Every structure is written in C-alpha cells, then in structure tokens.
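Engineer: Residue strings, one per chain:
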Amino acid sequence: MSDLTHAAQPSRLSLALASMRHWLRRLAANRSFLLGAILFGSICVLTLLTPLITSVDPNALSVRNRFKPPSDQYLLGTDNLGRDMLSRVLNGARLSLSIGFAVVALNAVFGVFLGAIAGYYRRLDDLLMRLADALMAFPAVLLAIGIAAALGPSAATAIIALAVVYIPRTARVVRASIMVARELDYVQAARAAGARDGRILWHHILPNCLAPLIVQLSFVFAYAVLSEAVLSFLGLSAPPTQPSWGVLIAEGRTYMREAAWLTVIPGIAIAVTVLGLNLLGDGLRDVLDPRMKVEQ
Amino acid sequence: MISFVVSRLLQAIPILILVSLIAFGIIYLIPGDAAVVIGGPSATPEELEQIRRNLGLDQPLHVQIATFYINLFKGDLGRSLTLGIPVMDALIARSPITIGIAIYSLVLTIVIGLSTGMLAALNHNRWIDQAATLFALLGVSLPNFWLSLVMIVLFSVMLGWLPTGGYIPFTQDPIGWLRTTTLPAAALALLQAGLLTRITRSTLLEVLNQDYIRTARAKGLPEWIVVGRHALANVMMPVVTMVGLVLSVLLSGSIVIESIFGIPGIGSLLGSAISNRDYPMIQGGLLFVTTALLLLNIVIDLLYTALDPRIRVKGR
Amino acid sequence: MTAAPLLSVRDLTVSFGGRVTAVRDASFDVRPGELLGVVGESGSGKSITALAVMGLLPPTATVTGSILFDEQDLLAMPRSRLRKLRGREIGMIFQEPMTSLNPVFTIGDQITEAILVHERMSRKAAWDRASELLEKVGIPAPRRRLQDYPHQLSGGMRQRVMIAIALSSSPKLLIADEPTTALDVTIQAQLLDLLNQLREDFGTAILLITHNMGVMAEVADRVVVMYASRIVEQSGIFDLFDRPQHPYTEGLLGSTPELDADTPRLRTIAGTMPNPSELPPGCLFAPRCPKVVDACLAAQPALVPVAPDQRAACILAPGLIESTP
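Chains as they are written, first to last, in the working numbering: chain F, 2 to 297; chain U, 505 to 820; chain A, 43 to 367.
Read the hints as simulated data drawn from the structure, not as lab findings.
It should be emphasised that the depicted structure is a prediction, and the values quoted were computed from it without experimental measurement.
It cannot be assumed that every hint is accurate.
Residues from chain U that keep clear of chain F, each with C-beta distances beyond 10 Å, as calculated [what the hints assert, rightly or not]: (1) Leu525; (2) Gln568; (3) Asp580; (4) Phe649; (5) Ile679; (6) Ile804.
Computed Cβ-Cβ distance ranges for the label pairs, DEER-style [stated by the list, open to error]: (7) F/Ser99 with U/Asn575: 38 to 48 Å; (8) U/Ile729 with A/Gln232: 43 to 53 Å; (9) U/Asn780 with F/Trp203: 44 to 54 Å.
We treat Cβ as the ideally placed atom computed from N, Cα and C, and that holds for glycine.
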C-alpha cells in the first residue's frame with residue numbers, strides 16, 4: 002500500500018524545484034527585493050571583478066600624486082599618500098563583505114544549532130535563553146567593541162566579536178519557529194511513530210525554520226557590514242595595511258576639508274551595501290514570512 | 505502595581521548576574537598574558553607583576569570572581585589603569601554629559617520619527633510616503649560616524665553655522681550647550697528616527713483601519729482630532745516600547761560620536777580606554793551602560809503599563 | 043404616511059476604483075420616526091449604502107446620485123458641513139461592539155467627546171448628560187460605568203454605549219449596521235427592544251441594516267431587500283412577509299431563523315451571490331432563482347410598483363402578473 006501512495010506522488014526533488022520556482026516568481030515581483038538585489042548584487046559583482054577593473058596595488062604610494070580629486074586617470078581620486086582610491090575602495094569591499102559573510106556563516110551554523118537545541122529540548126531552553134538575554138542586554142555595537150578590544154585588532158577579531166553579538170538574536174528567531182514547528186501534526190505523528198530526535202529535527206522541523214532564518218541572516222549581513230565599519234573606524238578590525246571601508250573613512254577624516262571624497266566615497270559604498278541588504282531582507286520577509294518580526 | 509515593580513526587578517537579577525559575569529570575562533579573552541598586552545613590550549617584570557596584582561590576576565579564578573562581585577556590590581568597578589582613579593567615579597563624573605545628549609537626541613528622534621511616520625501613513629502610497637520610507641531605510645543603513653563627519657563638513661566647515669566640536673556645559677551657557685550638542689544629537693537622532701518612522705507608519709496605517717476610528721469619524725469629530733487624539737493615543741504604545749532599543753543604539757553610537765565631536769562624555773571615555781587598553785575601564789563602562797539600560801527598560805515597561813488601560817485596569 | 047421623507051436616496055451608485063460597483067441605482071426613503079430595514083446577504087451593498095449616507099466611505103469610492111437629508115444634498119455638501127451633521131443629525135452604530143470603542147479612553151470620555159463636539163456646554167454638564175444617556179440605554183450604575191474602559195464591559199454593554207454615543211445629540215436619524223449580529227440571542231432581543239423604545243421616546247428615525255429577517259419582523263415598519271448591489275424589493279413589513287414579490291425575498295424568508303426558538307432546520311438559498319466584478323447578464327438573481335425563465339436572462343428588470351406601497355424588480359412578481367389582465 003505504501004508503495005502505491007509513494008508512486009502517485011511526485012518525487013521530492015521535483016516538488017522542491019516547483020516550490021523554488023514559485024518563490025522565485027513571487028520574489029521577482031517584489032519591488033523591495035528587486036531593488037535590494039540590484040544594489041547588493043552590483044556591489045558583489047564589482048568586488049568579484051576587482052582584478053579586471055584595476056590592477057593598481059591599493060597600498061602603492063605615489064608622493065607626486067597626493068590628493069588628486071576624482072578624474073579620468075584616478076576615477077575616485079587619490080589619498081594623502083597618493084594611493085589610488087578606486088583600488089582601495091574595491092579591495093576594502095572584499096574585506097568588508099568577507100567579514101560580513103563570515104559573520105553570517107557563523108550565525109547560520111551556531112544560531113541554528115543553539116536555536117534548535119533550545120527550541121527542541123525544553124531542559125536546555127531556560128539556560129540558553131537566559132544567556133542569550135544577557136548577551137542581548139548589552140547594546141550590540143558596544144559589546145562587539147568590548148570583545149574586540151580584548152581580542153586585539155584583526156579581521157578574525159571583528160568576525161568573532163560580531164558573531165557573538167548576533168548569534169543569540171539568530172538563535173532566538175530559530176527557536177521561536179522551532180517551538181511552533183514541533184507542535185505541528187505531522188511532527189507529532191513522526192514522534193509517535195518512534196522517529197529519532199535528530200531525524201525529526203533535520204527532516205521535519207528545520208525546513209520549517211528556513212524562511213525566517215533566511216530573512217534574519219540577510220539582516221545580520223546588513224548589521225555586520227555596518228558594525229564592522231564602526232569597529233574598523235575605531236581601529237579594532239583589520240590593520241590599516243588591508244583597509245576595510247571603516248578604516249578608509251577614519252583615514253580620510255583628517256583631510257575632510259581639502260579632500261572630502263576620501264571620506265564620502267567609502268561611506269556611500271557602505272550605505273549602498275547595507276541599504277541593498279536591508280531592502281533584500283524586507284522583500285524576503287514580505288514574500289516568505291509576512292507576519293514575522295525580526296529581532297533587532 | 506508595586507508587586508509588578510518588584511517582580512520585574514526580581515526578573516532582572518539573573519540577567520544582571522550574567523551580564524556582569526560576561527563583562528568580567530572579557531579580560532580573559534585577551535590572547536596570551538594579559539599583563540604583557542596591557543604593559544606593552546617595554547614593560548619590566550616588576551611592572552608586569554604590578555599590573556597582575558592590580559587586576560587581581562595573581563589570584564585563583566574563584567577568588568577573582570568572588571572579589572569582583574563583592575566589589576561590585578560595594579559599587580566598586582576597579583581602578584582605571586590610565587587615569588588612576590576609580591572607574592565608577594570617572595563614569596559618574598562623565599555621565600551627565602552623555603545623558604544630556606542622549607535625552608536631547610531621544611527628543612529629536614521621537615519628534616522626527618513620529619512626524620515623518622505620521623506624514624507617511626496619512627499620505628499612504630503617495631510620494632511623501634515613498635520619501636519617508638527611503639528616509640527610514642537610510643536611517644538603518646548609514647554608518648553614524650560617517651554621517652557625523654559629513655554633517656561637520658556641511659554645517660560647520662562649509663556653512664559655518666555650528667562649531668566642529670567641543671562641549672560647553674548647559675549650566676554654564678545653555679545656548680553654547682545647544683550649539684555644541686546639536687550636531688552630535690542630530691547625527692544620532694537622524695538614524696534612529698528612521699526606525700521610529702517605520703514603526704509609526706505601519707502602526708498608524710493599521711490603527712487608521714480600526715473600527716474605533718470609524719466610530720470617531722461617525723461622531724462628527726474633525727479629522728485632526730480623529731488622527732491627533734484617537735489614532736495617536738494608540739500609536740504611542742508601540743513607540744514607547746521602542747524607546748529602550750533606541751536608547752541602547754544611541755548609547756553605543758555615543759562612543760564614536762563623542763570621540764568625533766570631542767565631547768567629554770562616557771562615550772569618549774570608553775573610546776580612549778579602548779585605544780589605551782584600559783581594560784578595567786572598558787569592563788566597567790560596559791557593565792555601567794548595560795545596567796543602566798536594563799533598569800531603564802523596567803521603567804519603560806512600567807510606563808507602558810501606565811499607558812495601556814487594558815493592562816492597568818483589570819476587567820470585571 | 044405622507045409626511046416628507048427625512049432621508050431620500052435617489053439613484054445612488056457606489057463604485058470602487060471604477061471596476062467594482064458595490065451599489066447600483068439604489069432609491070429609497072426614510073420617513074420621520076419610521077424604522078426602515080435594509081436586508082440582504084453580506085456583500086449585497088447594504089453596509090456600503092449606510093456608509094455612503096454617513097459620508098464615511100474610503101476616498102477610493104466614487105459616489106453618484108443624490109442623498110437628500112432634510113432636503114439638503116449630502117453628496118453636494120462641503121466636507122466640513124457634512125462632518126457637523128454627522129453625530130448631531132445622523133448617528134450611527136456598527137456591527138462590532140468589541141472593536142468600535144477606542145480601547146485607551148474611558149466610556150465617559152468617549153461619550154462626552156461626542157456631546158462637546160456639537161454643543162457648547164461645560165465638561166461637567168456633558169458628563170451629567172453622558173450619565174443620563176447611559177441610564178436611558180439601560181446601563182446600571184451609570185456614574186461608575188463612565189469611569190470604565192471598554193475592555194471592562196461585555197459586548198452587549200458596549201453596544202449600549204455605542205447607542206448612547208449615537209444618541210448623544212438627539213439625532214433625527216440613527217443608522218444601525220448589523221447592531222446585534224455579533225451578540226448572543228438574548229442580548230439581541232434586549233437591544234432590539236431598546237431600539238424600539240428609543241424610537242418611541244425620541245421619535246428618531248432608524249435605518250436598520252441586517253441580514254436577519256427575524257430581526258426585521260420584530261422591529262421594522264418597511265423593508266428594502268438588496269441583492270448583489272441592487273434593490274430587488276421594497277415593501278411594508280406585513281406585505282413583505284405575507285406576499286413576497288421577489289423570489290429572493292421568498293428565499294430569505296425561508297432561511298429565517300426564529301429569534302426566540304431554536305429551529306435547527308434552515309432552508310438556505312442554493313448557490314452564491316455573483317462576484318460583483320463579473321456579473322451575469324440579465325437578472326442578477328437568475329442563476330440561483332428556482333423560478334427562472336428564459337426572459338429573465340434578457341435584461342435586468344427595473345424596480346417597479348407591483349402593489350400599493352410595494353415595489354419589486356422581477357418580471358414574475360405575482361403583483362405584476364395579477365395587475366396585467
């Protein structure tokens with residue numbers, strides 16, 4: 002009998018593809034998502050194509066060409082040491098985006114793991130959530146600054162500090178949707194049928210948390226890029242030899258009067274990236290999970 | 505009401521214990537020998553020993569924790585490594601400046617956020633709405649230190665309206681205070697106002713569709729009373745719940761903003777503590793600000809309860 | 043019954059965004075002191091008609107025709123004058139008593155506000171008036187109740203408060219949109235008694251909107267039956283029940299639950315109302331009509347007199363057939 006019902010149903014893969022096509026169509030119709038995808042996508046493409054756009058060393062000094070305003074030769078001008086800003090902004094993008102992506106990846110792994118444990122095993126829930134509450138009681142950027150100050154300045158520091166700050170927030174989102182999912186009828190049925198916990202979590206519960214997780218991660222990406230800028234502005238992220246956007250702004254700050262482009266351009270780069278990610282997140286939320294509220 | 509206050513305070517205790525433990529633990533994140541990191545490469549073994557003794561690092565861990573909590577209970581957050589004075593004294597001396605700017609900024613945030621959000625909702629789907637939505641999005645997307653720098657160039661360097669930095673105490677010269685605090689307060693507020701704009705807009709749109717708004721109109725009330733009284737009273741509640749979050753972001757922002765504008769508040773105190781590796785000051789500052797926010801959130805909860813009769817007055 | 047009508051609606055048409063027409067060519071009168079019932083299924087346009095009279099339709103609505111109240115055209119009137127008329131000359135109560143009062147203000151606040159916007163008097167005097175009003179609508183210990191918030195009152199109580207607000211300036215016309223639907227049966231009966239009594243005491247005319255024929259039988263003088271945006275029958279209450287002229291009315295009468303008895307067997311009308319954006323040709327009721335003939339599909343029949351004080355929009359109306367030899 003079970004063979005018969007199985008044969009009548011379309012395969013798992015074709016079902017997944019069909020539903021993916023359905024969501025893509027709805028996302029394509031969402032203005033916010035489209036605009037966000039265009040903004041963030043173009044930043045990503047520019048970052049990936051950096052070697053094709055400019056071969057200039059971002060740290061190459063040229064004392065004769067100090068403070069050149071944007072022109073044909075120097076598209077984004079040069080800084081106080083005559084370094085090419087186009088190359089510095091593009092290379093900064095790679096660092097800023099890599100750090101943001103690493104934070105997102107850590108959030109995806111640990112946020113899901115901790116959230117799943119808290120949501121599924123009631124006994125650990127209290128302890129983990131108290132810990133999350135305590136971590137979330139600190140103002141986000143302040144805690145990141147404190148952790149980074151202790152670890153000492155490096156890109157890894159920024160990644161760890163921001164991951165510690167945002168993982169509790171992601172874990173809370175995952176936990177909330179798991180608590181809903183574990184009460185669903187078919188999950189109860191699977192449990193009654195004697196399926197193992199790990200199998201239930203992986204096959205039945207986690208797929209239900211995917212939509213809120215994706216939305217949350219897109220916002221974490223936005224916060225991470227923004228907060229990394231603060232950390233690097235304070236000199237707590239990667240060293241000045243591999244400047245991220247925040248470092249560029251900090252360096253340009255001294256010359257704001259005579260060379261405003263040094264400060265303005267990296268700021269616009271941050272704004273476009275974060276704006277794109279926020280729009281992307283808004284669009285994803287509208288389409289995937291309209292009732293969901295993201296933890297700030 | 506009293507029992508509510510007490511229970512809220514009791515709930516905060518475990519969080520406070522954990523928060524202080526986290527703040528305490530930060531020093532253990534320092535890779536390698538903390539004393540070497542603090543003292544720098546040129547420190548002599550005697551100096552390193554001195555640093556260890558000052559920070560209590562020569563004691564076993566459980567003694568360190570016990571001493572930390574006993575001192576905490578006495579309001580002692582340790583001694584600043586660079587200023588040589590108790591951390592608590594430094595924080596208390598600097599806090600009025602930061603609190604003043606935070607309140608100024610909060611007022612600006614609420615005024616800007618509420619009015620833009622209301623304007624957007626009342627002109628739903630028209631260009632004003634779209635402009636307000638863009639403003640709100642920029643608010644959560646622009647780096648605050650960058651906005652401060654751009655504002656300095658614009659209003660101080662180019663237009664010459666306000667000083668580029670510095671601070672004049674309110675008690676000494678209120679006008680001077682306004683001149684020195686307006687740019688930093690506005691830089692913090694403009695970004696936070698975006699968040700409030702979004703909340704106000706979506707809440708007001710929802711409230712305007714409620715049956716009681718139709719009732720208010722059916723009574724023959726003029727539209728400004730319908731919106732300004734009946735709708736606004738219901739919009740205020742979610743706004744009040746946002747205040748805690750807004751203040752939390754304002755205070756984290758103040759580290760960078762105060763350093764940029766040269767304002768001698770808690771923010772710049774922590775800013776220089778970070779560059780000087782003054783860990784007792786960093787720990788103490790974190791704990792101080794976070795505790796203040798936790799207590800403030802309790803006050804906000806109480807305020808919320810006082811505002812909403814559905815919670816304040818039990819049904820019969 | 044020849045007094046000049048208090049409210050005279052002529053050729054009222056309401057459409058949204060130029061596509062969906064919610065009310066078509068509705069014409070009816072409400073005479074001073076009478077209770078006119080408007081009955082129909084949800085989506086038939088009856089609530090839209092009421093909101094059009096109040097001028098409370100959303101800005102996306104297009105309204106044509108005329109609505110004469112006391113010989114002034116409400117549709118031609120500037121918004122500010124219409125607003126002053128609302129609440130003072132025309133009061134309205136709504137279907138959902140649970141959500142129709144503002145949760146953050148006291149009952150007293152919400153009643154006195156309605157009084158003070160239309161009349162000059164001290165807050166103290168308004169408070170006294172509010173207390174009298176609560177007493178009139180049958181709320182015990184009115185002084186104390188004025189201090190209460192809506193969530194402290196039951197649904198029936200809240201609807202009484204809504205009536206008190208609507209009556210606060212002694213309006214000439216009260217529009218009641220499904221005032222009892224959300225309430226349980228005993229409370230329904232009490233509220234209908236209250237409406238009836240208020241009508242006798244104040245001489246207020248009432249436009250009562252309901253989907254319940256049993257409620258109509260209880261209180262109405264005359265009834266307008268609406269179906270899919272059109273008025274299909276208009277008649278005195280006794281004629282309507284004794285000799286319904288439109289098959290839709292017959293259907294409604296068949297599906298009327300008795301107010302007090304619990305009759306489990308309801309005869310419902312088969313099928314559903316057509317989607318207002320894709321109406322069938324001919325008579326709108328034809329697809330569901332048990333008596334349908336070919337001629338029904340040719341054109342929408344006009345609302346014509348079929349008996350003294352009785353009009354119907356059906357080519358098969360018995361009155362129409364009897365009067366043509």
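Engineer: Indicate, hint by hint, whether the structure satisfies it.
Structural biologist: Taking the hints in turn, this is what the structure says about them:
1. Leu525: Check fails; 8 Å does not lie beyond 10 Å.
2. Gln568: 16 Å, holds
3. Asp580: Given that every Cβ of chain F is farther than 10 Å from that of aspartate 580 of chain U, nearest at about 19 Å, it holds.
4. Phe649: Incorrect as stated: the minimum Cβ-Cβ distance to chain F is 5 Å, not above 10 Å.
5. Ile679: 26 Å, holds
6. Ile804: 14 Å, holds
7. F/Ser99 with U/Asn575: 38 to 48 Å: 41 Å, holds
8. U/Ile729 with A/Gln232: 43 to 53 Å: 33 Å, violated
9. U/Asn780 with F/Trp203: 44 to 54 Å: 49 Å, holds
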